[in-house]
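> If you want the building blocks of each chain, they are given just below.
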Amino acid sequence: MQAQDYSLKEMMAIMAAREIKNGDIVFAGTGISMLAAAAAKNINAPECVIFFETGAIDSAIEELPLSVGDPRVMYGSASNAGLLEAFATMQNRITGDKVIAILGAAQIDRYGNLNTTAIGDYHQPDIRFSGSGGGCDVASFVPRCIAFMQHEKRKFVEKLDYLTSPGQLQGGGSREAAGLRPGGVNVVITNMAVMRIDSESGEMYLDRYYPGVTPEIILDNMQFSVDVSKAKQAKPPTETELTTLRQKCDPQRLILG
Amino acid sequence: MQAQDYSLKEMMAIMAAREIKNGDIVFAGTGISMLAAAAAKNINAPECVIFFETGAIDSAIEELPLSVGDPRVMYGSASNAGLLEAFATMQNRITGDKVIAILGAAQIDRYGNLNTTAIGDYHQPDIRFSGSGGGCDVASFVPRCIAFMQHEKRKFVEKLDYLTSPGQLQGGGSREAAGLRPGGVNVVITNMAVMRIDSESGEMYLDRYYPGVTPEIILDNMQFSVDVSKAKQAKPPTETELTTLRQKCDPQRLILG
Amino acid sequence: MDKENSKVMTVETAVKRFMNDGSHISIGGFTLNRNPMAAVYEIIRQRFKNLHLYAHSNGTGVDELIGAGCVGKLEIAYAGNGKTAATCIRFRKAVQEGTLKVEDYSNFMMSLRFLAGAMGVPFMPTLSGFGSEIITAWGFSKEMRQADPEIPDDKLVIIDNPFGMKQDASKVLLVPAINPDVTFIHVQKADTMGTCRIDGLTFADVEQAKASKHVVVTCEELVEPDALREFPERNQIPFLHVSAVCHVPYGAYPTAVYHHYDYDAVYLRAYAAAAKDDDKFLTFQKKYLYGVPNHQGLLNLAGQERLKAIKADARTGYAVNMKRG
Amino acid sequence: MDKENSKVMTVETAVKRFMNDGSHISIGGFTLNRNPMAAVYEIIRQRFKNLHLYAHSNGTGVDELIGAGCVGKLEIAYAGNGKTAATCIRFRKAVQEGTLKVEDYSNFMMSLRFLAGAMGVPFMPTLSGFGSEIITAWGFSKEMRQADPEIPDDKLVIIDNPFGMKQDASKVLLVPAINPDVTFIHVQKADTMGTCRIDGLTFADVEQAKASKHVVVTCEELVEPDALREFPERNQIPFLHVSAVCHVPYGAYPTAVYHHYDYDAVYLRAYAAAAKDDDKFLTFQKKYLYGVPNHQGLLNLAGQERLKAIKADARTGYAVNMKRG
Numbered sequence: 044m045q046a047q048d049y050s051l052k053e054m055m056a057i058m059a060a061r062e063i064k065n066g067d068i069v070f071a072g073t074g075i076s077m078l079a080a081a082a083a084k085n086i087n088a089p090e091c092v093i094f095f096e097t098g099a100i101d102s103a104i105e106e107l108p109l110s111v112g113d114p115r116v117m118y119g120s121a122s123n124a125g126l127l128e129a130f131a132t133m134q135n136r137i138t139g140d141k142v143i144a145i146l147g148a149a150q151i152d153r154y155g156n157l158n159t160t161a162i163g164d165y166h167q168p169d170i171r172f173s174g175s176g177g178g179c180d181v182a183s184f185v186p187r188c189i190a191f192m193q194h195e196k197r198k199f200v201e202k203l204d205y206l207t208s209p210g211q212l213q214g215g216g217s218r219e220a221a222g223l224r225p226g227g228v229n230v231v232i233t234n235m236a237v238m239r240i241d242s243e244s245g246e247m248y249l250d251r252y253y254p255g256v257t258p259e260i261i262l263d264n265m266q267f268s269v270d271v272s273k274a275k276q277a278k279p280p281t282e283t284e285l286t287t288l289r290q291k292c293d294p295q296r297l298i299l300g
Numbered sequence: 044m045q046a047q048d049y050s051l052k053e054m055m056a057i058m059a060a061r062e063i064k065n066g067d068i069v070f071a072g073t074g075i076s077m078l079a080a081a082a083a084k085n086i087n088a089p090e091c092v093i094f095f096e097t098g099a100i101d102s103a104i105e106e107l108p109l110s111v112g113d114p115r116v117m118y119g120s121a122s123n124a125g126l127l128e129a130f131a132t133m134q135n136r137i138t139g140d141k142v143i144a145i146l147g148a149a150q151i152d153r154y155g156n157l158n159t160t161a162i163g164d165y166h167q168p169d170i171r172f173s174g175s176g177g178g179c180d181v182a183s184f185v186p187r188c189i190a191f192m193q194h195e196k197r198k199f200v201e202k203l204d205y206l207t208s209p210g211q212l213q214g215g216g217s218r219e220a221a222g223l224r225p226g227g228v229n230v231v232i233t234n235m236a237v238m239r240i241d242s243e244s245g246e247m248y249l250d251r252y253y254p255g256v257t258p259e260i261i262l263d264n265m266q267f268s269v270d271v272s273k274a275k276q277a278k279p280p281t282e283t284e285l286t287t288l289r290q291k292c293d294p295q296r297l298i299l300g
Numbered sequence: 019m020d021k022e023n024s025k026v027m028t029v030e031t032a033v034k035r036f037m038n039d040g041s042h043i044s045i046g047g048f049t050l051n052r053n054p055m056a057a058v059y060e061i062i063r064q065r066f067k068n069l070h071l072y073a074h075s076n077g078t079g080v081d082e083l084i085g086a087g088c089v090g091k092l093e094i095a096y097a098g099n100g101k102t103a104a105t106c107i108r109f110r111k112a113v114q115e116g117t118l119k120v121e122d123y124s125n126f127m128m129s130l131r132f133l134a135g136a137m138g139v140p141f142m143p144t145l146s147g148f149g150s151e152i153i154t155a156w157g158f159s160k161e162m163r164q165a166d167p168e169i170p171d172d173k174l175v176i177i178d179n180p181f182g183m184k185q186d187a188s189k190v191l192l193v194p195a196i197n198p199d200v201t202f203i204h205v206q207k208a209d210t211m212g213t214c215r216i217d218g219l220t221f222a223d224v225e226q227a228k229a230s231k232h233v234v235v236t237c238e239e240l241v242e243p244d245a246l247r248e249f250p251e252r253n254q255i256p257f258l259h260v261s262a263v264c265h266v267p268y269g270a271y272p273t274a275v276y277h278h279y280d281y282d283a284v285y286l287r288a289y290a291a292a293a294k295d296d297d298k299f300l301t302f303q304k305k306y307l308y309g310v311p312n313h314q315g316l317l318n319l320a321g322q323e324r325l326k327a328i329k330a331d332a333r334t335g336y337a338v339n340m341k342r343g
Numbered sequence: 019m020d021k022e023n024s025k026v027m028t029v030e031t032a033v034k035r036f037m038n039d040g041s042h043i044s045i046g047g048f049t050l051n052r053n054p055m056a057a058v059y060e061i062i063r064q065r066f067k068n069l070h071l072y073a074h075s076n077g078t079g080v081d082e083l084i085g086a087g088c089v090g091k092l093e094i095a096y097a098g099n100g101k102t103a104a105t106c107i108r109f110r111k112a113v114q115e116g117t118l119k120v121e122d123y124s125n126f127m128m129s130l131r132f133l134a135g136a137m138g139v140p141f142m143p144t145l146s147g148f149g150s151e152i153i154t155a156w157g158f159s160k161e162m163r164q165a166d167p168e169i170p171d172d173k174l175v176i177i178d179n180p181f182g183m184k185q186d187a188s189k190v191l192l193v194p195a196i197n198p199d200v201t202f203i204h205v206q207k208a209d210t211m212g213t214c215r216i217d218g219l220t221f222a223d224v225e226q227a228k229a230s231k232h233v234v235v236t237c238e239e240l241v242e243p244d245a246l247r248e249f250p251e252r253n254q255i256p257f258l259h260v261s262a263v264c265h266v267p268y269g270a271y272p273t274a275v276y277h278h279y280d281y282d283a284v285y286l287r288a289y290a291a292a293a294k295d296d297d298k299f300l301t302f303q304k305k306y307l308y309g310v311p312n313h314q315g316l317l318n319l320a321g322q323e324r325l326k327a328i329k330a331d332a333r334t335g336y337a338v339n340m341k342r343g
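Residue numbers (the working numbering), protein chains in the order written: chain R, 44 to 300; chain A, 44 to 300; chain V, 19 to 343; chain G, 19 to 343.
This is chain R alone, in the form it adopts within the complex (with noise of 0.2 Å):
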């Protein structure tokens, strides 16, 4: 049974939790990622492992954190340290390996390189960002990255202003020939679809469409055109996974709104 009364944010964070597995070791930011990650926690992946760049590992969420350096993410964790031990257990490829991240950004292009740095020129910017945060080292070293985005023109453009978090860069193993291990966005979760990457050209198609949405809406909201033959509808969320996550991952609607 399907639920009929959801709104987009809860379908963005519904659609990202379905991506994470159990076992899966989850890194959080803030916003929709951290209840995107509580909700997989709570839903369809009960053995994950929620842990932040702060340096915080399975942490006893009882109320959503609004930064990641929010004392709630302290609380009943597994360990406490810092953002050293955090970067280094995705930069070891042993834990690494293991590691499913979820990002924003205010731009991407066709090879899911993010910016969160600047728009216009990076020395004189028309409007500047909170910069990387730990999203360049994220999408350098963990090998399965969720971005979260509005499907906007000015969002999905053809060319970054400045390229902070690199995806697959240009396409066609220039990931790997700069020196990167394989990994970055390999899936994009908006507002109106769910893109993906293609492992083998580094480019983005667009996999499932939410229902009221269509391939031509979503094309007429990107710079770039993308793939949409192999396109289904999404499957909405059900009503047990609204009601966990209303009532179990944020029942004072701080993310919700």
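Source of the hints: derived by calculation from the structure; they are not laboratory data.
Virtual Cβ for every residue (Gly too), placed ideally from N, Cα, C.
Take the hints with a grain of salt, since some may be wrong.
Claimed, not checked - Listed next, with one range per pair, are the computed distances between beta-carbon atoms:
hint: 1; chain 1: A; residue 1: G216; chain 2: R; residue 2: E243; range: 36 to 42 Å
hint: 2; chain 1: G; residue 1: K298; chain 2: A; residue 2: Q193; range: 44 to 50 Å
hint: 3; chain 1: V; residue 1: L319; chain 2: R; residue 2: Q295; range: 25 to 31 Å
hint: 4; chain 1: R; residue 1: L51; chain 2: V; residue 2: M162; range: 51 to 57 Å
As the list claims (entries may be wrong) - Anything over 10 Å on all C-beta distances counts as not near chain V; from chain A, calculated:
hint: 5; residue: A103
hint: 6; residue: E105
hint: 7; residue: T132
hint: 8; residue: T138
hint: 9; residue: I162
hint: 10; residue: F184
hint: 11; residue: Q213
hint: 12; residue: D250
hint: 13; residue: I260
hint: 14; residue: R296
Since the structure of chain R is already known, use the hints to place chains A, V and G on it.
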């Protein structure tokens, strides 16, 4: 007033203790070096800080540890960390420049280079020793190092069988040319004398000989000759020094025997 | 330790003693947690200028210093402050208006740079960032770097992996060490000699402290050395690294201190609202910073009710059910 | 976690499951402290051969493994064991007789090599060792290295400082990463998921564990995960890195465990006396290792009186006034 009744071990411990100043950070090893550090702390440099390569800083030494891995270095310290932190404290110039270290060796040469690895061919040694431990690191990082030695021909050698811990290498600025900062062994305390390394030439000279020993006897116990023109007789331990050493530093007589 | 050599002093004295215009400084904490705000506000009140500031993800502390015009150059990974400012507002404004020179790194790179400084080596290696403009776009130009002996001539250096393909790496990125003149951190407990005990995440505080020529510690509780010697495992920063210890309860306010108090969402929202407008921001800093003699003055303005609202719950270490949205 | 996936098992099972002849292993602890002796003795009893052993200053553990003929190659900084053996006796004998291939490093270099492995980079930089034969004399020849894909082609690499003279360094030594197949450590407390809490010095255990493909933990106390969640600051090794948890009280005997028991000087002296003679040594290991089914068997031979004599004092964490000389 001087004490007449003291052992050579006591003399050596007190000679070393006198090298340590208030405010020094003292890197101590095992055996007599730990005793010397304890003597400095209890006699002439109450505000020196003793630390160990295992990561303990300013331990409350109630019983002399027999190894730097002894649990007796862990009790009452300001911080219990690990090897990385201890060596970083020495490699870091901000803290490292305040360190004075005490080392031992199987062989020493005229430039204060030490061998703690092997006698004979390295690959098929006649006698194998424990190896560097932290010795090579300490001699590389620490500006002032005291070496404890028995004054014997087989120990004060023309050429080391293996250079484990760098002193002045071949003298004449060769230490800096190799890539090292200034430092390494600058004082050698033996059962007969206190030798020093000349800061210009990088070569050893006789500074003080113990009562009852002559420069000639000392030279007879070395493979190489050194400048003895500046040599004077050493001042033996005072009653106060001896009493403190015996009663406060090693009441169990673990090192003093 | 005799009285003249004592490390215990007021934060006003410590800031005056160890800071200069143009000093290279770093501050501990992360976004809205354990920023050394009492020290930051005192730096602002003493009107230091042209500071070279190193940060990883320091939200509030960095933004207030920039907003007050204290910072000339900034090396940073992330300037954001949780829900109230996805990008720090005065930071964004200063960059867009060209009044602040910024060099961008990632969080791991900045943490490794402090680690290299703490370990006394010129760089740390990482496999992060290949293909990113973090490597190719330099906020500080080569010319500017060569003219400044305090910073390395290169932002970053790439070498071929000298150990073949070990760790599956063909190349290695080397990130240069940082050794700040002064680092300010705020901790739960410090003793009079300067040994620090941090509860909860340490972020990069330990590496920042050990990399610095001087460390000024503000603390919730100032204790005698013996009090920290029963569990030396929990003391992350030994006194060897510390120059000053200042007893400043609520010294991280309005950011959080685990097991003591939460962040003050009311203050942070008011700050964000004011920061969007130059005049309002000036008025805001006049009232809360310049208008009070010290940190206690700011706490008095906040008032007992707000301090009570952010008081940490004994079990969880934060203010349960606090209004944050 | 379902039962099949549980990490809790006997040390016999763990050794059997994760070890092979020729495995690259490392063991935690330092000289006479917190060596994982129950695991070491079990490796000996299961008669693994041709092991590649990585150590920094592991005294007893290393010497017993070498003496039992388990080790083919050894990379080490220091083989000594306090007052009973300034140089480990079976180690010395094996090197002098040419039955053991040894590569020498320093303690800092070995620790950095584990750190590099833990951090997932090919090397760590240091300013140690220039001019030392540690750099120029290779125990493992270039040919041997090139023939073995598991170890780097170079023992060490020197590069010019790519950041000019920063840190007053003209050159930098790069030490290659180690990623053992299995690391064995002994800790005071572990939970059933594998999270570890070490009291006292950690030595290089944390880096050794994080560098390893598998970690086998033996512990004095096995607890439920909740028991370690109140002070997560004190848990140095999170469960992510751990493959097996074995509850073995006195699992480090005859080496010390801070706050539990001291080293047994009686055993160490008897060991040192026996180790000097091949026949006596064989008899010794036959009695104490092969002659008992497991670690409890050795403890039974030692007897209640000796275990009582090494019991740690509650205040200091070691056995006060124990006869050690």
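> None of the hints should be skipped; say for each whether it holds.
These are the hints, each one checked on the structure:
1. A/G216 with R/E243: 36 to 42 Å: 59 Å, violated
2. G/K298 with A/Q193: 44 to 50 Å: 29 Å Cβ-Cβ, so the 44 to 50 Å window is violated.
3. V/L319 with R/Q295: 25 to 31 Å: Distance hint for V/L319, R/Q295 holds at roughly 28 Å.
4. R/L51 with V/M162: 51 to 57 Å: 46 Å, violated
5. A103: Not fine: 7 Å to the nearest Cβ puts A/A103 too close to chain V.
6. E105: 13 Å, holds
7. T132: 7 Å, violated
8. T138: 5 Å, violated
9. I162: The claim stands: A/I162 keeps its Cβ more than 10 Å from every Cβ of chain V (closest is about 32 Å).
10. F184: Its Cβ does come within 10 Å of chain V, the nearest being 8 Å, so this is violated.
11. Q213: Non-interface label on A/Q213 holds, nearest chain V Cβ at 25 Å vs cutoff 10 Å.
12. D250: 30 Å, holds
13. I260: 42 Å, holds
14. R296: 27 Å, holds
In this structure, the hints that do not hold are numbers 1, 2, 4, 5, 7, 8, 10, in rising order.
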